[in-house]
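*Asks:* Residues per chain are reported as follows:
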Amino acid sequence: KAGVTQTPRYLIKTRGQQVTLSCSPISGHRSVSWYQQTPGQGLQFLFEYFSETQRNKGNFPGRFSGRQFSNSRSEMNVSTLELGDSALYLCASSLGQGHYNEQFFGPGTRLTVL
Amino acid sequence: GESVGLHLPTLSVQEGDNSIINCAYSNSASDYFIWYKQESGKGPQFIIDIRSNMDKRQGQRVTVLLNKTVKHLSLQIAATQPGDSAVYFCADQGDSNYQLIWGAGTKLIIKP
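Protein chains in written order, with this note's numbering: chain A, 1 to 114; chain B, 115 to 226.
This list has only true hints and no planted wrong ones.
Cβ-Cβ distance ranges computed for the label pairs, FRET-style:
id: 1; chain 1: B; residue 1: T124; chain 2: A; residue 2: T112; range: 20 to 30 Å
id: 2; chain 1: B; residue 1: N181; chain 2: A; residue 2: P8; range: 42 to 52 Å
id: 3; chain 1: B; residue 1: N132; chain 2: A; residue 2: T20; range: 44 to 54 Å
id: 4; chain 1: B; residue 1: N132; chain 2: A; residue 2: T14; range: 42 to 52 Å
id: 5; chain 1: A; residue 1: P8; chain 2: B; residue 2: Q128; range: 34 to 44 Å
id: 6; chain 1: B; residue 1: K182; chain 2: A; residue 2: F60; range: 29 to 39 Å
id: 7; chain 1: A; residue 1: G16; chain 2: B; residue 2: R175; range: 42 to 52 Å
id: 8; chain 1: A; residue 1: T112; chain 2: B; residue 2: T183; range: 43 to 53 Å
id: 9; chain 1: B; residue 1: K156; chain 2: A; residue 2: K57; range: 18 to 28 Å
id: 10; chain 1: B; residue 1: N132; chain 2: A; residue 2: R63; range: 40 to 50 Å
id: 11; chain 1: B; residue 1: A143; chain 2: A; residue 2: P107; range: 30 to 40 Å
So these bits of chain B aren't anywhere near chain A, every CB distance computed over 10 Å:
id: 12; residue: V127
id: 13; residue: Q128
id: 14; residue: N132
id: 15; residue: I134
id: 16; residue: N136
id: 17; residue: S142
id: 18; residue: N167
id: 19; residue: L180
id: 20; residue: P196
id: 21; residue: G197
id: 22; residue: P226
Hints in this document: simulated from the structure, not taken from any laboratory. Beta carbons: idealized from backbone N, C-alpha and C, even for Gly.
With the hints as constraints, model all of the structure from the sequences given.
*Replies:* This is the structure in structure tokens:
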């Protein structure tokens with residue numbers, strides 16, 4: 001069974017640009033969550049999607065948005081990039097929504113903002 | 115505010131010894147805790163979880179202990195192996211059923 005895949009793995013952008021990251025969950029998983037991980041920090045929750053609807057959102061500005069498609073694949077968009085957005089962005093999928101369902105993480109997309 | 119913290123950023127242990135990684139949480143209402151392992155270049159991987167109605171849970175070579183009185187959580191790894199080298203995170207349910215509060219992580223280094 002294929003794991004969670006994320007594309008691209010690495011990305012370099014400049015301030016003010018926008019970026020779209022993609023996540024393909026494990027087959028059959030309907031929930032996708034996104035996290036931001038910065039050096040020395042734990043994971044910061046961005047949002048969770050289930051059945052194409054955003055179910056929960058963390059404390060991030062509106063520049064961070066996402067969506068989920070009917071095949072459960074998800075995209076995350078960051079507009080007007082800032083230097084502080086440089087981070088590893090992780091996607092996790094699970095069968096159901098909520099953290100009582102085991103989450104399976106992808107390898108992440110490393111975003112560098114110059 | 116709510117937080118989940120780890121006592122040591124780095125833990126160095128001899129191969130074959132037992133490792134103990136500690137975690138403190140602040141929300142006394144939390145009833146669910148998870149330990150994750152993140153190897154270099156990979157996403158976190160679930161290790162073991164525990165609910166607040168338990169004080170101990172065992173897995174394969176790992177044991178999680180929960181002390182609700184002092185709001186402390188620990189992960190014990192028996193007979194530490196080179197493959198255990200990773201950053202270990204504890205995560206706490208917090209006030210939400212959908213959002214976990216993550217600690218900053220402890221890097222486990224195995225000495226040969």
